[in-house]
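Q: Sequence:
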Amino acid sequence: MKSSRGDLSNKKQKLVSEKHSYSFGYMFSRLSQGFTNVLQELSGDEPPDGAPQDMLVPQLPPGDAPGAPEESGPGVEEEPLERLAHLEQLTVHLKEVVRDKDSQLATFETQLKSERETADARFNKLKLQAKAKMAALTKQIADLKGQEGATSSPDSSFTSSAPAVEEELQELRSKLRDVETSAKNLEERLQMSEQALCEKEAAHMEQVCVLQAVVCEKDERFQEQIQKHEDELLRVTVQRQNDTELALRAAQRRCEEQEEAMRSRSQVLEMLQGELNNADQQKQILTAQFRQMEQELAEAGRLREEERQQWAGWSSQAEAELVALRANLEASERDRAAQLTNLEASERDGAAQLASLEASEKDRAAQIEELTVKLEWATREREEVTNREVARLEKELAALREEHGEGQRAGEALAELLTGLRSLAGEGAEEETDPALCLGTLQARLERLRVEQRESEERCVQVTHTMETLQEQLDKSTAEGEEAVARIQQLEQQIGMVSSQTH
Numbered sequence: 001m002k003s004s005r006g007d008l009s010n011k012k013q014k015l016v017s018e019k020h021s022y023s024f025g026y027m028f029s030r031l032s033q034g035f036t037n038v039l040q041e042l043s044g045d046e047p048p049d050g051a052p053q054d055m056l057v058p059q060l061p062p063g064d065a066p067g068a069p070e071e072s073g074p075g076v077e078e079e080p081l082e083r084l085a086h087l088e089q090l091t092v093h094l095k096e097v098v099r100d101k102d103s104q105l106a107t108f109e110t111q112l113k114s115e116r117e118t119a120d121a122r123f124n125k126l127k128l129q130a131k132a133k134m135a136a137l138t139k140q141i142a143d144l145k146g147q148e149g150a151t152s153s154p155d156s157s158f159t160s161s162a163p164a165v166e167e168e169l170q171e172l173r174s175k176l177r178d179v180e181t182s183a184k185n186l187e188e189r190l191q192m193s194e195q196a197l198c199e200k201e202a203a204h205m206e207q208v209c210v211l212q213a214v215v216c217e218k219d220e221r222f223q224e225q226i227q228k229h230e231d232e233l234l235r236v237t238v239q240r241q242n243d244t245e246l247a248l249r250a251a252q253r254r255c256e257e258q259e260e261a262m263r264s265r266s267q268v269l270e271m272l273q274g275e276l277n278n279a280d281q282q283k284q285i286l287t288a289q290f291r292q293m294e295q296e297l298a299e300a301g302r303l304r305e306e307e308r309q310q311w312a313g314w315s316s317q318a319e320a321e322l323v324a325l326r327a328n329l330e331a332s333e334r335d336r337a338a339q340l341t342n343l344e345a346s347e348r349d350g351a352a353q354l355a356s357l358e359a360s361e362k363d364r365a366a367q368i369e370e371l372t373v374k375l376e377w378a379t380r381e382r383e384e385v386t387n388r389e390v391a392r393l394e395k396e397l398a399a400l401r402e403e404h405g406e407g408q409r410a411g412e413a414l415a416e417l418l419t420g421l422r423s424l425a426g427e428g429a430e431e432e433t434d435p436a437l438c439l440g441t442l443q444a445r446l447e448r449l450r451v452e453q454r455e456s457e458e459r460c461v462q463v464t465h466t467m468e469t470l471q472e473q474l475d476k477s478t479a480e481g482e483e484a485v486a487r488i489q490q491l492e493q494q495i496g497m498v499s500s501q502t503h
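Using the UniProt record's numbering, the first residue of the sequence shown is number 1, and each one after it goes up by one.
Just so you know, these hints were derived from the structure itself, not from any lab. All C-beta atoms in this analysis are idealised placements derived from N, C-alpha and C, irrespective of residue type, glycine included. Among these hints, one or two may not hold up.
Unchecked claim - Computed cross-link-like contacts, SDA-like style, restricted to lysine to any residue with a CA-CA straight-line distance of at most 20 Å:
no., residue 1, residue 2
1, K218, L81
2, K133, A121
3, K476, E294
4, K125, S182
5, K218, A85
6, K362, R336
Said to hold, decoys possible - Have a look at the derived ranges for each label pair, beta carbon to beta carbon:
no., residue 1, residue 2, range
7, Q212, Q89, 21 to 29 Å
8, K476, Q292, 12 to 20 Å
9, K113, M134, 29 to 37 Å
10, H465, A331, 50 to 58 Å
11, Q191, K125, 22 to 30 Å
12, Q490, T237, 45 to 53 Å
13, L94, R173, 50 to 58 Å
14, E257, I226, 41 to 49 Å
15, R263, Q241, 29 to 37 Å
Use the sequences and the hints to build the structure in full.
A: Written out as structure tokens, the structure is:
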């Protein structure tokens with residue numbers, strides 16, 4: 001019984017290992033069949049069963065067939081490269097197929113291993129259960145045999161349990177017979193699979209030999225084709241060498257012509273660039289002049305503002321002096337009225353004093369006439385001096401570019417004029433103390449200052465007009481520079497169009 005169970009376990013293990021080897025052999029045979037189909041596709045032959053293998057490997061292009069006619073011309077040079085590229089694609093596809101088969105084989109091995117482990121676990125479990133039952137039955141049989149030897153009368157317990165034990169033995173024997181039957185079937189299947197595996201291994205060896213022969217033949221044919229292509233390429237190269245030399249000479253002539261054209265265009269561009277640089281320089285010069293004129297205009301405006309302030313101060317001072325003189329005149333008139341009152345009183349005092357007063361009046365009239373002559377002479381002299389000073393000031397104010405010095409000279413001239421006027425006014429005051437004469441002098445000075453102010457304003461207007469003229473010239477130069485730039489851009493576009501047409 002124990003030997004039959006051991007044989008059963010050995011047969012089961014052998015069956016599982018043979019099943020694994022059979023599965024591996026089946027996968028290897030499929031992989032070999034794939035290699036065979038690829039090589040048959042490369043050799044241009046059909047498989048033995050006549051079925052195409054389009055699902056495994058791609059077909060070669062029509063130009064890659066061994067018996068295809070060779071073409072002459074530029075296509076001959078590309079045929080070997082195309083065939084090699086196609087062979088590389090086939091090799092890559094074959095490697096992908098091998099990787100897929102390897103992954104499938106690994107998956108199948110993993111699945112088979114898990115099934116084997118599950119079957120081993122179940123077999124060990126059944127084996128342990130059978131051993132336990134056999135041990136229990138053996139123990140019961142031994143107890144029964146011992147009790148049977150001790151007494152001849154059957155025990156009630158043995159008689160009651162003997163049918164159950166016999167049923168279990170019969171059941172175990174039937175199971176053992178079933179297991180032996182299945183083991184025999186598995187052995188037969190194993191022998192059949194071993195025989196099929198041997199046959200497939202022999203067929204595989206034959207296919208490997210055939211594949212090696214096909215590979216050698218393909219290598220020889222590829223070498224022959226490569227040699228033919230090299231000869232054809234050499235012939236085509238020799239034939240085209242003359243045409244290439246002629247084309248090279250023509251290209252050299254065209255290059256020389258284009259270089260000459262480019263040199264002429266470069267000269268034109270250099271000339272235009274020189275004109276543009278000159279225009280930029282003129283623009284910079286005009287800009288500098290414009291800035292200088294702006295500075296001069298600002299300086300003239302500042303001087304004008306200073307002169308205006310000075311004139312305002314002088315005007316206020318003259319008005320104050322005029323007010324003071326008017327007040328003095330009014331005071332003198334009041335004094336004269338008081339004197340007349342006193343004179344009337346003195347006339348009422350005595351007739352003697354009247355004669356003396358008449359004499360004094362005559363003397364005073366003579367003095368007034370003398371002072372009038374002197375005042376006219378001083379007035380004429382003062383007008384001449386004033387005219388000379390005005391002419392000198394006009395000459396000094398005519399210079400536009402010496403604004404600062406002009407202001408100083410004008411100040412000095414005005415100071416001298418004021419000094420002269422004051423001196424004249426002082427002489428007149430020494431000779432004649434009449435307030436009316438001083439008032440006329442101050443009015444004349446005020447009028448002269450106003451005339452000088454108008455002249456300075458006219459000069460500022462003239463400077464402003466000059467600045468506007470320079471601004472117009474600067475704008476005109478800027479417009480000319482922009483026109484030159486536009487002209488240069490237009491010429492560059494024309495040169496680009498000519499270059500594109502020549503190319």
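Q: Would you mind marking each hint as holding or not holding in the structure?
A: Hints versus structure:
1. K218 to L81: Roughly 16 Å separates the two Cα atoms, so the pair holds.
2. K133 to A121: holds (18 Å)
3. K476 to E294: Holds, because 18 Å separates the two Cα atoms, which is no more than 20 Å.
4. K125 to S182: Given pair K125, S182 holds - Cα atoms ~19 Å apart, limit 20 Å.
5. K218 to A85: holds (16 Å)
6. K362 to R336: With Cα atoms ~18 Å apart, K362 and R336 stay inside 20 Å; holds.
7. Q212 to Q89: 21 to 29 Å: Holds - the Cβ-Cβ distance for Q212 and Q89, about 23 Å, lies within 21 to 29 Å.
8. K476 to Q292: 12 to 20 Å: holds (18 Å)
9. K113 to M134: 29 to 37 Å: Given range 29 to 37 Å: holds, Cβ gap about 31 Å.
10. H465 to A331: 50 to 58 Å: Holds - the Cβ-Cβ distance for H465 and A331, about 51 Å, lies within 50 to 58 Å.
11. Q191 to K125: 22 to 30 Å: With Cβ atoms ~29 Å apart, the hint holds.
12. Q490 to T237: 45 to 53 Å: Holds, at about 49 Å.
13. L94 to R173: 50 to 58 Å: holds (57 Å)
14. E257 to I226: 41 to 49 Å: holds (44 Å)
15. R263 to Q241: 29 to 37 Å: Between R263 and Q241, where Cβ atoms are some 33 Å apart, the hint holds.
Consistency with the previously given hints is maintained throughout, with no hint failing.
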